[in-house]
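Colleague: So the chains spell out like this:
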Amino acid sequence: MKRKPGADPQKNSGISRRDSIKYIALGTLASTYLVGCTTPEEVEEAVHAIHRDGHQLSDRDIELLRQKFFTDEERETVRQLANLIIPSDDRSGNAEEAGVVEFIEFMMLDKPENQTKIRGGLKWLELESMKRYQQQFYKTSVTNQKAILDDIAYPDTAGPEFSQGVSFFNAFRDFVATGFWSSKMGMADLPYQGNVANAWQGAPQSWLDRLGVSYNS
Amino acid sequence: MQIKEQPNEYDVVIVGSGAGGGMAAKVLTEGGAKVALLEAGPFYNSEEGNMFKWNYESPRRGAGSRERPFGEFHANIGGWDIEGEPYSNASGSNFKWFRARMLGGRTNHWGRISLRFGPYDFKRKSMDGLGDDWPISYEDVAPYYDKVDKYVGIFGSSENMINEPNGHFMPPPKPRGYELLIQKAGRSVGIPVIPSRLSILTRPLGHNESPHRNPCHYCSQCGRGCATHSNFSSPSVLIPPAQATGNLEMILNSMAREVTTDGEGKATGVSYVNTISGQEYHIKSKIVVLAASACESARILLNSRSEQHPNGLANSSDVVGKYLMDSTGTDMMALIPDLIDGIPHNEDGVGGMHVYTPWWLEKEKRDFPRGYHIEFWGGRGMPGYGFMGGIQRHNKILGEIDSKPRLSGGGYGLKLKEDYRRLYGSIIGMSGRGEAIAFKDNKCEIDSEKVDKYGIPVLKFNYQWSTNEIMQVKHMHESFEQIIDAMGGKPLWEKPGKEENYGITDPGLIIHELGVTRMGNNPKSSAVNMFNQAHDAKNVFVVDGGPFVSQADKNPTWTILALAWRTSDYIIDQMKQKNI
Numbered sequence: 085m086k087r088k089p090g091a092d093p094q095k096n097s098g099i100s101r102r103d104s105i106k107y108i109a110l111g112t113l114a115s116t117y118l119v120g121c122t123t124p125e126e127v128e129e130a131v132h133a134i135h136r137d138g139h140q141l142s143d144r145d146i147e148l149l150r151q152k153f154f155t156d157e158e159r160e161t162v163r164q165l166a167n168l169i170i171p172s173d174d175r176s177g178n179a180e181e182a183g184v185v186e187f188i189e190f191m192m193l194d195k196p197e198n199q200t201k202i203r204g205g206l207k208w209l210e211l212e213s214m215k216r217y218q219q220q221f222y223k224t225s226v227t228n229q230k231a232i233l234d235d236i237a238y239p240d241t242a243g244p245e246f247s248q249g250v251s252f253f254n255a256f257r258d259f260v261a262t263g264f265w266s267s268k269m270g271m272a273d274l275p276y277q278g279n280v281a282n283a284w285q286g287a288p289q290s291w292l293d294r295l296g297v298s299y300n301s
Numbered sequence: 167m168q169i170k171e172q173p174n175e176y177d178v179v180i181v182g183s184g185a186g187g188g189m190a191a192k193v194l195t196e197g198g199a200k201v202a203l204l205e206a207g208p209f210y211n212s213e214e215g216n217m218f219k220w221n222y223e224s225p226r227r228g229a230g231s232r233e234r235p236f237g238e239f240h241a242n243i244g245g246w247d248i249e250g251e252p253y254s255n256a257s258g259s260n261f262k263w264f265r266a267r268m269l270g271g272r273t274n275h276w277g278r279i280s281l282r283f284g285p286y287d288f289k290r291k292s293m294d295g296l297g298d299d300w301p302i303s304y305e306d307v308a309p310y311y312d313k314v315d316k317y318v319g320i321f322g323s324s325e326n327m328i329n330e331p332n333g334h335f336m337p338p339p340k341p342r343g344y345e346l347l348i349q350k351a352g353r354s355v356g357i358p359v360i361p362s363r364l365s366i367l368t369r370p371l372g373h374n375e376s377p378h379r380n381p382c383h384y385c386s387q388c389g390r391g392c393a394t395h396s397n398f399s400s401p402s403v404l405i406p407p408a409q410a411t412g413n414l415e416m417i418l419n420s421m422a423r424e425v426t427t428d429g430e431g432k433a434t435g436v437s438y439v440n441t442i443s444g445q446e447y448h449i450k451s452k453i454v455v456l457a458a459s460a461c462e463s464a465r466i467l468l469n470s471r472s473e474q475h476p477n478g479l480a481n482s483s484d485v486v487g488k489y490l491m492d493s494t495g496t497d498m499m500a501l502i503p504d505l506i507d508g509i510p511h512n513e514d515g516v517g518g519m520h521v522y523t524p525w526w527l528e529k530e531k532r533d534f535p536r537g538y539h540i541e542f543w544g545g546r547g548m549p550g551y552g553f554m555g556g557i558q559r560h561n562k563i564l565g566e567i568d569s570k571p572r573l574s575g576g577g578y579g580l581k582l583k584e585d586y587r588r589l590y591g592s593i594i595g596m597s598g599r600g601e602a603i604a605f606k607d608n609k610c611e612i613d614s615e616k617v618d619k620y621g622i623p624v625l626k627f628n629y630q631w632s633t634n635e636i637m638q639v640k641h642m643h644e645s646f647e648q649i650i651d652a653m654g655g656k657p658l659w660e661k662p663g664k665e666e667n668y669g670i671t672d673p674g675l676i677i678h679e680l681g682v683t684r685m686g687n688n689p690k691s692s693a694v695n696m697f698n699q700a701h702d703a704k705n706v707f708v709v710d711g712g713p714f715v716s717q718a719d720k721n722p723t724w725t726i727l728a729l730a731w732r733t734s735d736y737i738i739d740q741m742k743q744k745n746i
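Protein chains in written order, with this note's numbering: chain S, 85 to 301; chain X, 167 to 746.
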């Protein structure tokens with residue numbers, strides 16, 4: 085059997101469509117609404133800024149894409165936080181430009197087991213910001229935002245009073261990283277050069293030389 | 167409820183369309199038998215699979231689901247948890263039962279690791295006193311391994327290792343860069359790292375029977391279903407020739423309930439339910455071949471109670487469901503500094519490892535029986551869901567590389583973004599897969615209380631690892647550590663200790679369930695004879711992993727294929743002689 089990193093069968097067991105609707109009905113009805121789209125194509129256009137090459141979305145995916153999980157304030161916090169984690173530079177854009185905000189929102193609905201951790205963490209962040217600056221995280225200055233991140237982004241040196249913030253940030257950073265690097269922009273940045281038909285002839289000589297190995301030994 | 171009788175009587179009904187069932191369908195139809203093939207799931211052709219899709223085409227970036235735990239683009243429908251098809255565990259047992267529900271069964275899932283059993287693997291009891299010997303030897307199976315190699319296609323290298331027999335190999339793909347590093351490290355610590363043996367075509371097949379199968383185009387996505395049929399799966403390789411004979415009828419979306427028998431105890435056919443309409447059917451046949459997966463076949467037999475077979479069909483010995491085995495397993499990942507800041511290139515290769523470590527300490531003194539092999543993975547694969555998760559655990563090391571110590575991993579911002587780029591492709595993984603001993607007490611039986619959504623009584627598992635398996639897994643970690651140290655690598659987590667049983671996986675997670683309808687010469691201690699024929703009903707056969715007496719450290723598919731071919735030849739012969 086081939087086990088891929090991160091492919092823990094227990095963690096990825098997902099949920100049924102029915103469970104998902106039930107969960108939403110119980111927990112997040114207030115923030116669930118249709119975005120005014122009627123056809124799957126419109127949903128894709130309007131909701132999802134991902135690049136697509138003809139993959140047929142399932143009915144369930146389309147249903148999830150028509151829903152919102154975050155409140156507007158939460159979504160703005162997610163956006164700013166994601167861009168702080170992966171900003172733009174001369175090689176590629178930022179998390180937002182790679183569709184990370186939409187990705188995270190979709191995953192909250194697709195794998196509801198993540199909802200409490202992320203929503204609760206965003207709340208933790210907001211309270212921390214209110215405590216320090218009497219301002220919500222998304223309204224305070226970047227300097228203030230970074231001061232909070234400096235306390236929760238480095239697990240080995242973070243103070244014990246920040247342990248919940250650290251745990252949230254670890255999970256959130258992983259979501260941002262997946263969303264960014266698995267996007268078309270992220271793959272081009274790395275770069276990932278596969279997913280094409282080819283005749284494998286081994287690694288390039290420059291790489292073999294660097295590693296100090298060869299096919300002749 | 168009306169049970170519809172299918173009008174035609176078949177020579178053979180096969181239950182299950184995976185490696186065993188697919189092979190039986192091919193050989194039996196080619197031998198002239200009229201065959202009905204029952205499959206619990208839908209039709210599948212891997213040309214309709216998800217090859218070459220980008221993970222960003224999906225809003226979940228390829229993440230798994232209940233229906234597809236290995237990722238949404240993965241070919242295989244099924245998993246350890248199927249809606250409406252529960253199973254249970256006795257207290258203290260945590261067996262995980264993987265089922266595939268589609269044409270081809272779990273041949274749509276596996277890693278194409280195609281290892282012959284060696285001469286020792288059939289006679290382990292004679293060597294260490296544990297378990298039982300098979301009633302057959304390597305020499306009995308070798309001609310069929312040869313046939314499977316040639317018909318299906320396999321790459322590898324002839325190493326002349328006695329218990330890792332040579333086969334009819336196509337040339338293996340060159341190792342990837344990191345695999346050469348592993349090979350070099352292995353050499354320095356005396357752990358062999360040789361070309362892997364996978365059923366993927368690196369050359370055109372040497373026969374004309376499968377013109378639809380082309381050599382590999384190295385996209386690394388075997389698991390998504392290969393549109394060019396370059397790897398082995400039952401729907402790509404075995405179902406088409408069976409269909410071409412005109413002797414095959416596929417009955418899809420049909421879940422077998424039980425094997426029916428007559429007053430003499432002989433099988434008369436199979437009753438089943440259509441999983442979509444709910445309609446109940448019975449189909450008549452002269453012969454029944456079970457290939458539903460080891461435990462599913464055991465379940466069908468145990469549920470086939472009659473006056474003649476009060477303990478379930480083929481179970482006068484009371485061994486059906488007993489001697490359940492799954493491979494031992496444990497994994498480790500490491501960051502390899504030499505691979506940091508890599509040179510971009512397409513490192514996809516075939517779908518899986520190009521090198522592996524076969525069991526190499528046969529003659530050494532050690533504190534556990536039997537052996538294991540090591541599978542390797544890593545490289546610059548397509549980023550998807552979970553990409554470089556837990557970066558805080560490993561980007562601290564970049565401080566050492568740069569001689570600018572970092573007090574903690576993690577972080578955010580431009581530096582973090584650069585860290586991901588630098589670390590991409592620098593992490594390798596190792597998976598040990600070993601042989602567990604067959605114990606009578608490791609078993610599945612019919613749960614006395616529960617049924618599934620079709621009303622079929624479900625299985626209850628009871629499986630415990632023994633010290634043998636736990637000590638073997640401890641040794642796996644010691645080997646991983648040797649290789650990682652020799653590479654100058656940094657393990658991503660601590661070696662698991664005694665209190666965690668050294669990190670041994672829950673039984674069932676490696677998806678090599680075997681042994682619950684064991685083969686033997688003595689009808690009192692085995693369910694089937696050396697031709698996989700039930701001792702108690704001459705026209706009932708089992709051709710999945712159930713008849714395995716011991717499991718070796720090898721992935722079982724190649725042996726299932728070889729034994730299913732051998733059994734099918736025997737069935738044709740017996741039909742000709744009018745013995746069944």
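Please note: incorrect hints may appear among the correct ones.
As the list claims (entries may be wrong) - In silico lysine-lysine, DSSO-like type, Cα no more than 27 Å apart, as pairs: (1) S:Lys-268 x S:Lys-207; (2) S:Lys-268 x X:Lys-581; (3) X:Lys-170 x X:Lys-219; (4) X:Lys-200 x X:Lys-742; (5) X:Lys-313 x X:Lys-289; (6) S:Lys-223 x X:Lys-581; (7) X:Lys-529 x X:Lys-664; (8) X:Lys-640 x X:Lys-664; (9) X:Lys-581 x X:Lys-570; (10) X:Lys-313 x S:Lys-195; (11) X:Lys-742 x X:Lys-313; (12) X:Lys-316 x X:Lys-340; (13) X:Lys-200 x X:Lys-350; (14) X:Lys-289 x X:Lys-742; (15) S:Lys-215 x S:Lys-195; (16) X:Lys-656 x S:Lys-195; (17) X:Lys-291 x X:Lys-661; (18) S:Lys-230 x X:Lys-289; (19) X:Lys-619 x S:Lys-268; (20) X:Lys-570 x X:Lys-640; (21) X:Lys-656 x S:Lys-230; (22) S:Lys-152 x S:Lys-201; (23) S:Lys-152 x S:Lys-268; (24) X:Lys-619 x S:Lys-201.
Because the hints were derived from the structure by calculation, they are not lab data.
From a predicted model like this one, the values you see are computed outputs, not experimental measurements.
Colleague: Which earlier hints can't be squared with this structure?
Modeller: 1, 3, 10, 13, 14, 15, 16, 17, 18, 19, 20, 21 and 24
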